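Undergrad: So you can see what is in the structure, the chains are spelled out below.
Protein chains: 2
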Amino acid sequence: MDTPPFTRVVAALPTSVPFVGPDQIERESGVPFRARLGANENVLGPSPRAIAAIGAVAGEAWKYGDPLAYDLRAALAEHHGVPIEAIVAGQGIDGLLGNAVRLFVEPGTPVVMAQGGYPTFSFHVRASGGRLVEVPYRDDHADLEAMVAAAHAENARLVYLTNPDNPMGTRWDATALTTFRTALPADTMLLIDEAYIEFAPAGTAPPFALDDPGVLRFRTFSKAYGLAGLRVGYAVGAPSTIAAFDLVREHFGMGRLQHAGAIAALADQEHLQAAIDFTAAGRERIASIADSLGLDVVPSSANFVCIDLGRDGAFARAVCAELNRRGVFVRMPWIAPQDRCLRVSVGDAEAFAILERDLPIALAAV
Amino acid sequence: MDTPPFTRVVAALPTSVPFVGPDQIERESGVPFRARLGANENVLGPSPRAIAAIGAVAGEAWKYGDPLAYDLRAALAEHHGVPIEAIVAGQGIDGLLGNAVRLFVEPGTPVVMAQGGYPTFSFHVRASGGRLVEVPYRDDHADLEAMVAAAHAENARLVYLTNPDNPMGTRWDATALTTFRTALPADTMLLIDEAYIEFAPAGTAPPFALDDPGVLRFRTFSKAYGLAGLRVGYAVGAPSTIAAFDLVREHFGMGRLQHAGAIAALADQEHLQAAIDFTAAGRERIASIADSLGLDVVPSSANFVCIDLGRDGAFARAVCAELNRRGVFVRMPWIAPQDRCLRVSVGDAEAFAILERDLPIALAAV
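Quick note, the sequences are listed as chains A and B, same order.
Numbered continuously in this note's numbering, the first sequence closes out at residue 366.
Numbered continuously in this note's numbering, the second sequence closes out at residue 1366.
If you are wondering where the hints come from, they were derived from the structure by calculation, not from laboratory data.
Model, not experiment: these values are computed from the prediction.
Fair warning: there could be bad hints in the mix.
[As the list claims (entries may be wrong)] Residues from chain A shown here face chain B by an in silico Cβ test under 7 Å; the list is partial:
hint, residue
1, Pro4
2, Val10
3, Ala11
4, Gly30
5, Arg34
6, Ala39
7, Glu41
8, Asn42
9, Gly59
10, Gly65
11, Pro67
12, Gln91
13, Leu103
14, Ala228
15, Glu250
16, Ile335
For each residue, glycine too, the CB sits at the ideal point set by N, CA and C.
My request is simple: use the sequences and hints to build the entire structure.
TA: Right, here's the structure in full:
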C-alpha cells in the first residue's frame, strides 16, 4: 500500500491544525514563554474545591466515568433551571462542536460562520466535507444581518456564532440574538458558542428556548471556571436535539476526574465571581497598557482584549512574532482587517508587567 | 422546526448506545453494585506515581494541554523503540477508533469485524454510514481465515481485529497476525485493537511494522495501566498514516492531567508487572470458581474470563440479570453462541468472594 484508503473528503483536506500550541512554539524557538497571554486561559485557576475534588478522586481513575455524566448534568440542570434531558456533557466545546458537525454536516452541506471565526469549528466542518460560507465581520462584530442573508441565499443547514466573539471579544445582546434566530430560515440550525459568556454583562445570553429544536448553546468549564486542561463542556438545547448527540458522541469520553472537578467548580460560584472580577480588572489593565502607547482596544466582553495596532496585518504579525520571540505568548486574529490587532489574554500581574515592558520594545523593533 | 436537519446517515441511525454503564444500571435498579466485575477495569488501580502526578498538576488544570502531547509521545516512542512520528495519542482507544473511522469510512464503505465484537467500534462505523460485514467467531476466536475471505469478497476498506479479543479473551499470536495481514487485500487497512495486550503472553504482539501504512495498532492506559477514567490511548503506525489523524482529531482533546498521569504510569513498569501478575492470578481465581460449579471457562489472555454456562443465551442472560439484581456487576457476550457465557472481569478478593457466593445462588434461581 502506498497511500491509505482515505475517504474522498479526507483525501482532499489540506494539512492544517486549528492552532499551534504554545508548547510547540516554545519547542521550536527554544525560548520558554515568560508571559502566557495567548490562549485565553484563566490564570486565576480553578476553584480550590475543584483542585481538591480532582485530587480526591485520582485514586479512582481506574474506573470508567459514568457515560451519562448524570451527576454533572443534574448539577448543571439545577444551575440553569432546565431539565437534565436538555443537557449533554462532553470533552470541551471543541468535542461537542465536533459531535454537532457530525450530526448535521455531510459533504457539500452549507455552513455559515464569521470569516476569521473560531478555527476549530471550521476545522470540523472541513473534515466533514461541509461548504463554509464565511461572512466578514462588521465593525469587529459578527455581522448578524449579513449572516442571515447568507443563510437564506445559501440555504445553510448550520449557522455558527460565537458570543462573545472569539477572536474579537465583541458581543451581541439577548435581544439581537433573538431577532437573529427569528430571521434565520426555519430549517437552519443555530449553534451559539458561549465559551466566554460568564465574562459578559447580564443581558448577553438570551433565556434558553428549549421548545426550539433548532438552537444549541455551548458552554465550557475551560474559561471562567479555569479548567481548560480538564476538558469539560456542555451543550443546552431542546431535549430532542440533545438526545441526538448519543448517536455520535464518545460515550465513555469523560472520566471521573472530569466529572468531579466540574461539579466542584460549578458549586463554587463565589470563585466564579472572583474570576469574573479578576478578568474585568485584567481587561482594564490591557486597555491601560495600550492607552499608554497611544493604542486603542476593541471593547471586550471576554477574557482577552484585542489591541488595535492601527496598521496592517503584516505589521501586527511582525509585532506578534517579536513578542513571541521575546517570550511573550500572545495571538492575533487571522484575517484582515481584524488582523491589525494583537489578541491579549488576561494574565497575572507579572505577565502584564512583562507585556508593559516588552510591547513598546516590540513595536519599536518592527 | 419539527426535526433538526440531520445528515442522511444520522437520520437513519437507530437509537443505541455502545454500553449501558454500571452507574445507570445502579440508578435504574436502585441496587448499588457490591462487586464491580463487568467493565474490565483494573481494580489494582494505577501506579501510585500516576496518582501523585495527577494530584501534583491538578492546580495547573487552567492550562490547555499540549495539543501534540509531545512529552507523552516521546515517552511512548522510547518505550516502544519507535520514532515519535509513529505515535498519535488521544482520548482512549475509543476516541482514536472514532478518528480512524472518520479517516476511512464514508457512507457505504465496507468494514469487516468479528460479529459480536467491540460495540464501540461498530457504533462509530454506523455513525459514519459504513457497511458492517460481521464475521462469526470460530471456536470463540476471531475467525481470521473467514475475515480474509470477507475482506476480499466485499472489497473491505477496513478490517478491525481485537487481540486479545473482547468479549471472549482469546488471542492469536504474532505469527498468525502476520499471516493475516499478508493475506488481506493490499489496499485494505487493518486496525488492531490491543487494549488488553499487556496481559497476553510474549509472542502475541507482532513487532511494529512501520513501513506498512496499512496497519494501525491501538493501545491504552485504561486496562493494564489502571487509568480507564483518565482517557488516554495511543495508536502506533507508519508516520504517514499517523499524520493523517491530525486532519480529524480533537487537537486540544487531552489535558495536562492526562499527559502527566500517563507518563508517570508508563514510567512505573514495576507496577505494570504487578497488575499483570494480579490479573493472571485473578483469571485463575475465576476459573476456580467456575470449576467448583462444574463450569468451564474460555482460556483468556485479557483481564476478564468468559465462564461457559453450558446452555443458551436466554439462560445466560437470566443469570447475568440475576447477578446484576443481587449487586454483582458482570456482562456477557452479545451474540450466539458466545452469549452462552458470562464475562467476568478480574476483581479484588472481596468481589471474588461475593461472586463465589452469589453465582451458585443465581444459577439455582434461574
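Undergrad: Hint by hint, work out which the structure violates, then give me just those numbers in ascending order.
TA: 3, 4, 5, 16
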